[in-house]
Every structure is written in C-alpha cells, then in structure tokens.
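Protein chains in written order, with this note's numbering: chain V, 1 to 603; chain B, 1 to 467.
Don't read these hints as lab results, they were simulated from the structure.
Be aware that a few hints might be false.
Heads up, simulated DSS-like pairs for lysine-lysine below, C-alpha to C-alpha not over 30 angstroms straight-line [claimed, not checked]:
| hint | chain 1 | residue 1 | chain 2 | residue 2 |
| --- | --- | --- | --- | --- |
| 1 | V | 116 | V | 101 |
| 2 | V | 101 | B | 143 |
| 3 | V | 173 | V | 33 |
| 4 | V | 97 | B | 402 |
| 5 | B | 44 | B | 143 |
| 6 | V | 390 | V | 59 |
| 7 | B | 100 | V | 101 |
| 8 | B | 45 | V | 33 |
| 9 | V | 484 | V | 59 |
| 10 | V | 390 | V | 292 |
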Amino acid sequence: MYAQRNIIIIVVTVAGILLIRLFFLQVIDESYKITAANNAMRYDVEYPARGIIYDRNGKILVENITTYDIMIAPRELKDVDTAELCSTFQLSVDEVKNILKSIGKKRDFRSFPFLKQVAPERYAVFRERADRFHGFYSVVRTMRQYPRNIGGNVLGYIQEVDTSVVNRNPYYKSGDYIGVSGIEESYENVLRGKKGVSISLRDSRNRFVEPFENGRRDTAAIPGKNLISSIDSDLQEYVQMLMQNKLGSVVAIEPSTGEILALVSSPTFNPAILSGVNRQQNYAELTLNPDKPMFNRAIMSPQPPGSTFKLVNGLIGLDEGTLTPSTSYSCSGHYPYGRGVGCHGHISPVNFKQSIMVSCNSYYCYAFRNILENKKYASVDEALTAWREKVMRFGFARQLGVDLPNEKAGIVASKKLYDRYYGVNRWNPLSIISLAIGQGEIGATTLQLANMASIVANKGFYYIPHIVKLVGDDEQIAPEYYQKQYCGIDESYFEHSIEGMHLATTGMGGTAWRARVPNIDVCGKTGTSQNPHGKNHSVFVCFAPKYDPKIAVAVLVENSGAGGSYAAPIASLVLEKYLTGKTSRTDVEQWILNMNLLNSSGI
Amino acid sequence: MRDRIEFKTPDLLVVLIYLVLVTFGWLNIYSTQSDTLELFDFSKKHGTQFLWAVISIFTAVVVMIISKRFYPVFANHIYIIALSLLILTLMIGTEVKSSKSWLDVGLIRFQPSEIAKFATSLALAKLLNKYGFKLNTIVNWLKTIAVIALPMGLILLQKDWGSALVFMSFILVLYREGMSGWVLTFMAFTIALFIFSLLFPLIWIISGIALIAIAIMWFTYQSKKMFARSTICAIVILVAGIIYKYASGNDVEYDKFVTLAMIAAIIAGGVSLFLWSKKIQWYATVFFFCSTMLVYSVDYVYDNVMKPHHRSRIEDMLGIKEDIKDAGYNTYQSKVAIGSGGFLGKGFLQGTQTKLNFVPEQSTDFIFCTIGEEWGFVGSFAVIALYLTLLIRLLVLAERQKLPFARTYGYCVVSIIFFHFAVNIAMTVGLAPVIGIPLPFVSAGGSSLWSFTVLLFIFLKMDSIYK
Chain V
1 MYAQRNIIII
11 VVTVAGILLI
21 RLFFLQVIDE
31 SYKITAANNA
41 MRYDVEYPAR
51 GIIYDRNGKI
61 LVENITTYDI
71 MIAPRELKDV
81 DTAELCSTFQ
91 LSVDEVKNIL
101 KSIGKKRDFR
111 SFPFLKQVAP
121 ERYAVFRERA
131 DRFHGFYSVV
141 RTMRQYPRNI
151 GGNVLGYIQE
161 VDTSVVNRNP
171 YYKSGDYIGV
181 SGIEESYENV
191 LRGKKGVSIS
201 LRDSRNRFVE
211 PFENGRRDTA
221 AIPGKNLISS
231 IDSDLQEYVQ
241 MLMQNKLGSV
251 VAIEPSTGEI
261 LALVSSPTFN
271 PAILSGVNRQ
281 QNYAELTLNP
291 DKPMFNRAIM
301 SPQPPGSTFK
311 LVNGLIGLDE
321 GTLTPSTSYS
331 CSGHYPYGRG
341 VGCHGHISPV
351 NFKQSIMVSC
361 NSYYCYAFRN
371 ILENKKYASV
381 DEALTAWREK
391 VMRFGFARQL
401 GVDLPNEKAG
411 IVASKKLYDR
421 YYGVNRWNPL
431 SIISLAIGQG
441 EIGATTLQLA
451 NMASIVANKG
461 FYYIPHIVKL
471 VGDDEQIAPE
481 YYQKQYCGID
491 ESYFEHSIEG
501 MHLATTGMGG
511 TAWRARVPNI
521 DVCGKTGTSQ
531 NPHGKNHSVF
541 VCFAPKYDPK
551 IAVAVLVENS
561 GAGGSYAAPI
571 ASLVLEKYLT
581 GKTSRTDVEQ
591 WILNMNLLNS
601 SGI
Chain B
1 MRDRIEFKTP
11 DLLVVLIYLV
21 LVTFGWLNIY
31 STQSDTLELF
41 DFSKKHGTQF
51 LWAVISIFTA
61 VVVMIISKRF
71 YPVFANHIYI
81 IALSLLILTL
91 MIGTEVKSSK
101 SWLDVGLIRF
111 QPSEIAKFAT
121 SLALAKLLNK
131 YGFKLNTIVN
141 WLKTIAVIAL
151 PMGLILLQKD
161 WGSALVFMSF
171 ILVLYREGMS
181 GWVLTFMAFT
191 IALFIFSLLF
201 PLIWIISGIA
211 LIAIAIMWFT
221 YQSKKMFARS
231 TICAIVILVA
241 GIIYKYASGN
251 DVEYDKFVTL
261 AMIAAIIAGG
271 VSLFLWSKKI
281 QWYATVFFFC
291 STMLVYSVDY
301 VYDNVMKPHH
311 RSRIEDMLGI
321 KEDIKDAGYN
331 TYQSKVAIGS
341 GGFLGKGFLQ
351 GTQTKLNFVP
361 EQSTDFIFCT
371 IGEEWGFVGS
381 FAVIALYLTL
391 LIRLLVLAER
401 QKLPFARTYG
411 YCVVSIIFFH
421 FAVNIAMTVG
431 LAPVIGIPLP
441 FVSAGGSSLW
451 SFTVLLFIFL
461 KMDSIYK
C-alpha cells in the first residue's frame with residue numbers, strides 16, 4: 001500500500017508545483033499582461049523616399065526608381081499557369097519551374113519572393129492579369145538609379161543593414177537600408193529621412209483587425225532631403241574616362257571655396273551594379289578584383305608626394321628665413337653630403353624660382369638641412385618638430401575633414417618615429433634628408449595634394465575640401481567648411497612659388513612642359529613618388545589660371561614613372577576641360593585615352 | 001462470447017470528471033476558432049471535436065457492454081495489432097511536422113501511437129499478473145522491459161519523441177508491482193543532476209556530490225579517527241591545488257581537484273573499510289563515483305547525442321538562453337497568454353493571445369493557454385483540481401480491485417494520464433521542454449480523445465465488475 005501512498009504524494013507534489021508556477025505567472029507577475037498588449041499591436045513602418053543627389057549644375061547623380069517584388073504566398077497558390085507566368089515576366093519555362101520548385105515545399109504562412117525588382121512595365125502587365133495568379137502579390141521597393149553611372153567611389157551605395165548596425169543604432173531595423181561608403185554614408189542621416197509608423201491591431205499572422213486608437217498615434221514618414229553636390233558631373237565623367245586603364249586618383253578643387261569638382265579613384269565601379277538584382281554577385285566580383293575598385297585611392301591611399309612636396313619645404317624655408325628668393329645653389333647632378341641624393345641635368349646654379357622650375361633635388365637638400373640646423377632651435381629634434389607642425393598646417397599628416405568616410409591621415413615623420421627607428425640621438429639631418437624631396441617617411445593622399453595646390457593658389461589659406469554644397473535647396477552644411485584655414489605662411493612668399501610653378505610649365509627646361517595649355521597660364525609642379533614595390537608613381541599638382549585660380553588639380557598615376565610623364569598631361573586636360581569646356585590638344589587626349597598602364601606595375 | 005450483455009454503472013465521479021473535462025475542452029477549442037460563430041461547423045476544429053466526442057462516448061458505452069473477460073483474454077492480441085499498426089505507420093504513414101506518426105484511412109486520420117498506449121497497458125497488466133511472475137529475475141525484467149520498449153522504440157522511429165516518452169511513465173506501475181523504490185530515486189536524481197550540471201558550474205555540482213558523500217560517511221563511520229584520516233587526505237589535496245594555482249598562476253580546474261580529493265579520501269577510507277566492513281560506506285563510494293561520472297558525461301550526451309532543437313528547447317526551459325523568436329517562441333507566447341489571463345481571466349471568447357493566433361497549436365498541445373488566458377488562475381486551478389481528483393480517485397479504485405490484472409491496468413491508466421497532464425501543463429508554463437503531447441480529454445484531436453476514452457473506460461468497466 002505504501003506504493004500507492006508514494007504515488008499519491010508524487011502526483012500531489014507535481015500538481016502543487018504547477019499551481020505555484022501558475023500563481024506566479026497569472027497573479028504575481030504583471031509583465032506578461034503588458035507583453036500581451038504589445039503582442040497584438042502591429043507597427044507598420046512607412047519608408048520615406050531617400051534624398052536625391054544633384055551635381056553642382058543641377059544634373060542628377062542619384063535618384064530613386066520604383067520597382068516591384070513579386071511575392072508568393074504558398075498556401076494560397078492554386079492552378080499555376082506556367083505559360084501565363086512566362087509571358088508576363090518574360091521568363092523561360094525552366095526558370096519559372098525552378099523558382100516554383102524552390103518554393104514548392106514550403107507550406108507555412110510566410111511569403112517568398114518569386115521575382116525581385118520587376119520593372120514598372122512588367123509590373124503593369126502583371127497587374128492587368130492579377131486575377132489569373134492566385135497567391136501572387138507585389139511589394140513596392142525603391143531602388144537607387146544612376147543616370148550617368150559615374151562616381152561610384154564618391155556616391156557610395158546603399159545596402160540592407162546587418163545585425164551590428166541594428167544592435168548599435170536603434171533607428172535601424174532588420175531589412176532597412178543604410179548608406180555604405182561615399183556620400184550615401186557620410187550624409188546618411190540627411191538622406192534617409194525619418195520612418196513613419198502606423199499602428200494597428202493584428203493577429204499573429206499579421207491579418208489586419210483595426211487601426212489602433214483610430215490612428216491617433218500614427219506618425220507620417222518624413223522624406224529624406226536632397227543634396228547638391230559640388231561635383232561637376234561632366235568633369236567627373238571626363239576624368240573617369242581619362243583614368244581608364246590606369247591605377248591612381250585625381251582630385252580637382254575650386255580653391256576659392258574648397259568645393260571638390262571631381263574626385264576619381266581608378267579603377268572605379270559603376271554604382272548601378274550595386275543596386276540591381278545582381279547586387280550580391282557584383283559585390284563579390286568587386287571585392288575579389290585585385291585592383292580594388294571600391295577602395296577610394298583619392299582619400300585612402302597615402303603615397304610619398306615626391307617633388308611636389310618641395311613647394312612646402314620651399315615655403316617653410318622662406319618663412320623661417322633660412323632661404324630667400326634669391327638664394328642660389330649650384331648643382332652638379334647630385335647632393336654630395338651624407339649618402340648623397342641624385343639629381344638630373346639642368347641649368348646651374350639655380351635660384352628659388354628656378355629650383356621649382358627644374359625641380360632641383362640638391363637645392364632642396366640644402367634648404368631642408370638649413371631648416372633643421374637653424375640656430376633658432378636648440379636642437380635638430382626641436383627644428384624637426386617645428387617643421388612638422390608647419391607641414392601639418394598645410395593639411396598633411398592629419399585628416400582634412402572632408403565629408404567622405406574613411407579619409408586617411410597620411411604620415412609625416414616625427415622625432416618620435418626617428419628615435420624609434422634609428423635610436424635616440426642616432427640620427428641627423430643627413431640621415432633624414434629624403435624628406436627634403438618628399439620621399440621616405442612621408443605619405444599624403446591625393447586629396448591632401450590637391451588641397452596643397454589650393455593653398456598655393458590662394459596664397460596661404462584653404463577651405464576644408466567638401467563634396468556637398470547644399471542640403472535641400474539652401475541649407476548649408478557644417479559651418480567649418482565655410483571658414484578660411486590659414487597655413488601660417490606670409491602671403492608674399494607665395495608669389496615666388498607661383499612664379500616657379502608657372503615657369504615649370506612654360507620655361508625652358510621646365511619639368512611640367514607636358515601640362516602646357518594654349519591660352520591658359522598653368523602653374524604646376526611635378527613629382528615622382530618612389531615606390532618600393534614596383535615602378536614609381538607619377539604625381540602632379542597644379543592650378544589655373546595663374547591669376548584668380550579657378551581650379552586646383554592633383555593627379556597620381558600609379559606605376560607610371562616620373563611626374564611629368566602621365567600625371568601632368570592628365571591634369572592639364574582636366575583643367576582645360578573645366579575652364580574652357582573644350583580640349584585643344586586632341587593628340588594628347590587621344591594618347592592618354594589609349595594608354596593602358598594597368599599591367600606595367602613592373603613587379 | 002455467449003455472455004449476456006453485462007452493463008453495470010461505472011464509477012460516477014470519474015465519469016462526471018470525464019464529461020466535465022471533455023465539455024470544457026470543447027468550449028476552449030471553440031474559443032480558439034475565433035472567426036466563426038457557427039456552433040457546429042464541421043470544417044472547423046470544434047466541429048470535428050464534437051463529432052469525435054460523440055464517437056468517443058458511444059465507444060465508451062460499447063466498452064462498458066463488452067464482456068469482462070474480453071480484455072484479459074485478448075490483451076496480447078490487441079497489443080500485437082497496435083504494434084502492427086505502428087509498423088504500418090512507419091511504412092505508409094503521413095509525415096506531419098517532421099514526425100511520421102499519422103495513418104490516413106480514407107476519411108479519418110489517426111495516430112496509432114495513441115492506441116499503443118492502452119494496448120501496452122493491457123499487455124503489461126497481463127504480463128505482470130501471469131501466474132508466478134515476479135519482478136525478481138533478469139528474464140522477467142527483460143520481458144517487462146520488452147513489452148514497454150517495443151512500442152516505444154517504434155514510436156521513436158517515427159520521430160515522435162513526446163509520445164515515446166509517455167511510455168517511461170510505466171515506471172510507476174512497475175514500482176507498484178514490486179520494483180525497488182531506489183530505481184525511482186535514482187531516476188529522479190539523474191534528472192536533477194542533468195539539469196543542475198547544465199545550469200551551474202561543474203565545481204558546484206561536484207562539491208555538492210562530495211558533500212553528500214561526506215555526509216553519508218560521517219553518519220556511518222564508526223571510528224571518528226578514520227573519518228579524520230580521510231578528511232585530512234582530501235584537505236591536503238585541496239590545499240595543494242590552491243597553492244599550485246597561486247604559485248604557478250595557471251588556471252586550475254577546481255572540479256578536477258575536488259574529484260581527486262574525494263578519490264583520495266575514499267581510498268584512505270577504503271583501506272579502513274577492509275578492517276571494519278560496512279555496507280553503507282560502499283554505497284557512499286559508489287554514489288560518488290556514479291554521480292561524478294554522470295556529471296562528466298552530461299556534456300557529452302548533451303552535445304553529441306541530442307539534436308540541436310532538443311538542446312535549444314531545454315536551454316530555453318532552463319533559462320540559459322532567452323530566446324523568444326525561435327526555439328523559445330512557443331513557450332514564450334504560451335507564457336504570455338497564460339500570464340495575461342490574471343486571476344479571473346479575460347472571459348470566455350475574450351482571449352486576444354490565443355484568438356489572434358499568437359500561440360501555436362493552440363487547440364491541441366497548447367490548449368491550456370486558452371484556459372489560462374480566458375479563465376485565469378481560477379480556471380487553471382479548477383482544471384488541475386479536476387485532474388488531481390481524477391488521478392487520486394483512480395488510484396483508490398485500482399487498489400480496491402480484486403483481480404490483480406485490473407489493479408495493474410488501473411495503475412497504467414493513472415501513469416499515462418498523469419504523465420500527459422503533468423508534462424503538458426508544465427511545458428505551457430515553461431517548466432518542461434516543449435514535447436508535443438496533448439492534455440487528456442481536453443486537447444483537440446480525435447484519435448487522442450478516443451484513445452484516452454477507451455483507456456479510461458476499459459478500467460471503469462473492470463472496476464464496475466470486479467470491485
């Protein structure tokens with residue numbers, strides 16, 4: 001009998017546990033009652049249209065188009081007429097069968113996409129015949145469209161948010177789109193607008209029951225604001241064309257405002273391919289491409305500026321007083337101290353202007369050594385630190401603050417770096433002499449070089465480069481973009497640099513003769529960025545016209561040799577196109593267009 | 001069968017509870033079918049349930065009329081038919097939600113595993129009450145286990161875990177028929193250890209086991225000196241472990257040290273055991289080793305034997321992973337529904353959670369949600385009270401049987417109903433992992449209602465004759 005007793009004890013105990021649990025669940029704990037109320041309410045999100053991006057002349061760079069996803073609710077599917085589907089969506093019988101087969105087994109209450117991003121014309125046909133397709137319905141989607149297919153690196157793209165974004169930012173819910181890279185990322189908050197919500201009572205299968213409180217709590221979606229970019233889309237397109245089949249980047253800035261007129265990283269990509277149906281496949285192809293089309297070289301790839309950096313060293317020398325416009329040095333083809341620095345054949349001796357014209361290495365080795373050994377400073381360390389601060393005011397070794405994501409700061413060697421590299425007190429001006437000619441422990445982005453050209457053009461100041469002019473119709477962007485940034489060097493010194501740059505394009509023996517443009521006074525400086533991994537990069541900075549400059553350009557063509565070779569003609573074509581709308585030197589243009597430098601890396 | 005029709009009044013209390021549960025179940029099924037006002041719409045769940053209730057009550061009457069001798073005599077035949085149906089299901093069955101447990105016969109569709117429950121009960125009752133049969137030889141044990149394991153295995157092959165587990169409840173019957181209570185204790189302890197080792201760090205569990213083992217030794221050692229010897233051994237090793245940890249800075253797994261310490265203590269004690277042999281101390285030793293092995297094997301079983309969805313259900317139940325979307329969705333919505341009912345409930349037909357279909361399987365396995373939501377704690381209490389009364393009454397009836405066959409069968413009925421009742425409600429309130437088994441007499445589902453009716457009324461028939 002005690003077995004019966006024990007079993008009764010077990011039964012009663014279990015019943016008791018269940019009752020206690022129920023008592024807590026139903027009587028004590030209030031949280032489930034609140035959850036139940038939320039459960040039955042459905043928040044339907046209204047998605048605002050994303051802002052349109054125009055160029056500086058009002059031409060559309062990015063707009064939205066409406067497409068339709070055709071969905072299938074498997075449980076409502078009946079009498080599928082394959083032939084009808086084929087003719088409606090212009091698919092082959094096999095394609096339709098494959099799609100249906102993949103969905104066929106699923107028998108739950110969710111819907112599955114049958115066909116994504118159907119064009120409006122096809123959708124119209126579907127609508128007409130809708131009564132013949134049981135279980136098919138459509139969902140509206142908006143997609144980005146690019147009328148000119150240019151500026152992939154500048155505009156960026158949008159994609160569905162991933163979980164890390166959702167976890168970080170409560171605004172985004174799974175399935176929302178977010179701008180990735182380019183303007184789409186940096187102006188995400190402006191472009192996206194604000195989602196609206198309508199609350200209704202629904203059952204668990206999302207079937208509508210009634211609006212919650214007659215819609216009093218609903219909010220309307222606020223459309224995203226349009227942007228007016230400073231990009232000149234004609235120029236951008238032209239530059240992209242010139243840079244075809246070349247690795248490198250081009251940045252063109254309007255010196256008087258800091259507005260970026262064109263920003264090209266080559267190879268680039270057509271932004272439209274990251275918006276369409278084959279997005280994933282295209283994305284994978286882009287990431288696998290060894291030339292990294294999605295990598296924005298113009299702001300993310302610092303390279304030694306080469307001789308273009310002589311402009312900065314010259315100006316600092318003048319400012320420090322260790323150099324005067326009339327200082328002359330003779331050059332016998334190399335700088336004879338320390339490990340020595342080679343130069344090339346040119347007139348000798350050269351004064352300041354001529355040193356820019358012929359890009360004399362020896363001249364700047366003297367100049368740089370004088371800066372570092374200036375008696376004003378207690379030690380070389382101190383002189384280097386002072387020099388570095390001045391360099392930074394030219395916009396080097398720090399982010400300029402352009403309104404594009406992932407801008408790289410670049411580097412300029414510091415005392416700390418040399419102390420680590422050589423050891424404290426184990427280095428002297430001669431061991432770091434390569435800085436004189438912009439080589440060695442120094443790296444600048446093409447944007448920074450264009451900005452340097454702007455500073456020279458403006459004789460001492462710049463505006464932070466920016467790619468968006470206006471938000472909406474008249475709303476300004478952040479205030480720092482409208483403030484003059486001075487580089488701290490007296491205006492009068494710039495005259496000499498500008499003269500030197502002008503001579504470089506026009507003078508006898510000027511290194512930038514390939515940038516000579518009829519009827520335009522071009523001021524330019526060539527550079528060769530030494531590349532330990534292969535052939536040197538060709539660099540060129542310039543602005544024009546000499547008086548009242550309208551455009552400053554920096555060009556870097558990877559693995560193409562000296563600065564005068566390719567970078568200079570490309571830059572001159574760019575500024576001529578911008579200033580006159582024409583090209584006078586069609587032979588040069590043809591030569592550049594046909595030039596393929598992709599496989600000449602010389603590795 | 002030449003006997004005249006022998007209908008005697010069955011136990012009225014049980015019949016009354018049965019009718020109340022069936023009616024109450026039907027009302028709640030009706031309530032889940034929110035979008036209809038039609039009382040007997042046979043395309044809806046409550047319509048078919050009504051039909052099945054009528055069929056079941058008719059079957060109950062037939063069961064009451066059939067001769068008293070039929071069941072003991074034909075127990076094995078019924079059992080074999082049930083096994084054949086299970087095999088047939090494996091071959092031509094219909095797959096519903098990844099379990100191949102349904103048999104389609106023209107108009108109706110039923111689960112042979114439901115029939116197997118009362119068929120096995122009959123066979124088990126017959127086997128245990130054979131002349132001279134006692135649960136004390138290995139052969140008899142094997143026979144008994146075979147009777148239970150055969151249908152259970154076949155149902156497992158259908159991948160219907162829930163129904164298969166029901167057969168474990170026969171352990172209560174075996175307990176009544178002479179199985180040692182230690183087996184029950186052992187099982188309960190195993191389950192507890194399994195759950196604990198998923199919930200708590202290993203070191204706690206091992207220390208807990210060690211403490212119990214020490215307690216057993218303490219109360220049974222004759223010589224305190226010997227106990228001290230063991231304890232010193234244990235402490236030395238523990239201290240060595242701690243010193244090693246701080247000296248070497250390595251991460252030490254404490255559970256390994258506690259295990260080692262206990263083993264040392266037991267060996268030290270074991271030497272003494274040879275001198276003063278005492279059985280209970282062996283128990284302590286065996287207890288410690290078995291438990292420790294079990295704890296260490298939990299991880300293996302858990303990670304390698306169980307399927308991911310089983311794991312996630314268990315993790316959800318134990319609150320290891322709060323997961324209200326996938327594995328935990330059912331339980332979470334079910335708790336929300338029941339919890340939102342409050343003390344008095346939202347009232348008949350007023351439940352939003354079950355009505356708006358948030359709770360899955362709401363008319364079948366999760367019918368208790370509707371009860372909890374619409375009838376509140378009062379309703380839940382009433383239902384549990386009804387089951388409790390039913391089970392205790394059946395136990396009383398079983399004990400008063402003159403025929404041992406009837407008594408054993410009575411215990412089978414109690415075990416099966418108890419298991420269903422306890423596990424079903426426990427899973428809706430999040431105390432047990434979700435295994436799909438219905439609430440007897442209440443859940444929608446024809447073959448389930450019919451089979452429970454037959455199961456119950458066979459016993460009531462025997463009771464009405466043999467009391």
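Each hint tested on the structure:
For a cut-off of 30 angstroms, the pair hint linking residue 116/V to residue 101/V stands: about 17 angstroms separates their Cα positions. Proximity of residue 101/V to residue 143/B is assessed by CA-CA distance (about 50 angstroms); at most 30 angstroms being required, the pair is judged violated. Annotation: proposed proximity of residue 173/V to residue 33/V holds, straight-line Cα distance about 25 angstroms (limit 30 angstroms). For the hint linking residue 97/V to residue 402/B, the alpha-carbon distance of about 69 angstroms lies beyond 30 angstroms, and the restraint is violated.
Distance restraint check for residue 44/B and residue 143/B: the Cα-Cα separation of roughly 44 angstroms exceeds the 30 angstroms cut-off, and the hinted pair is therefore not satisfied. Taken as a hint, the residue 390/V and residue 59/V pair is broken in the structure, with Cα atoms around 40 angstroms apart against an allowance of 30 angstroms. Distance hint between residue 100/B and residue 101/V is fulfilled; the C-alpha atoms sit about 23 angstroms from each other, no more than 30 angstroms. For the proposed pair residue 45/B and residue 33/V, the alpha carbon gap of about 28 angstroms is at most 30 angstroms, so the pair holds.
Restraint check: the Cα-Cα separation between residue 484/V and residue 59/V comes to about 29 angstroms, which is no more than 30 angstroms; the hinted pair holds. This hinted pair does not check out: residue 390/V and residue 292/V have alpha carbons roughly 34 angstroms apart, beyond 30 angstroms.
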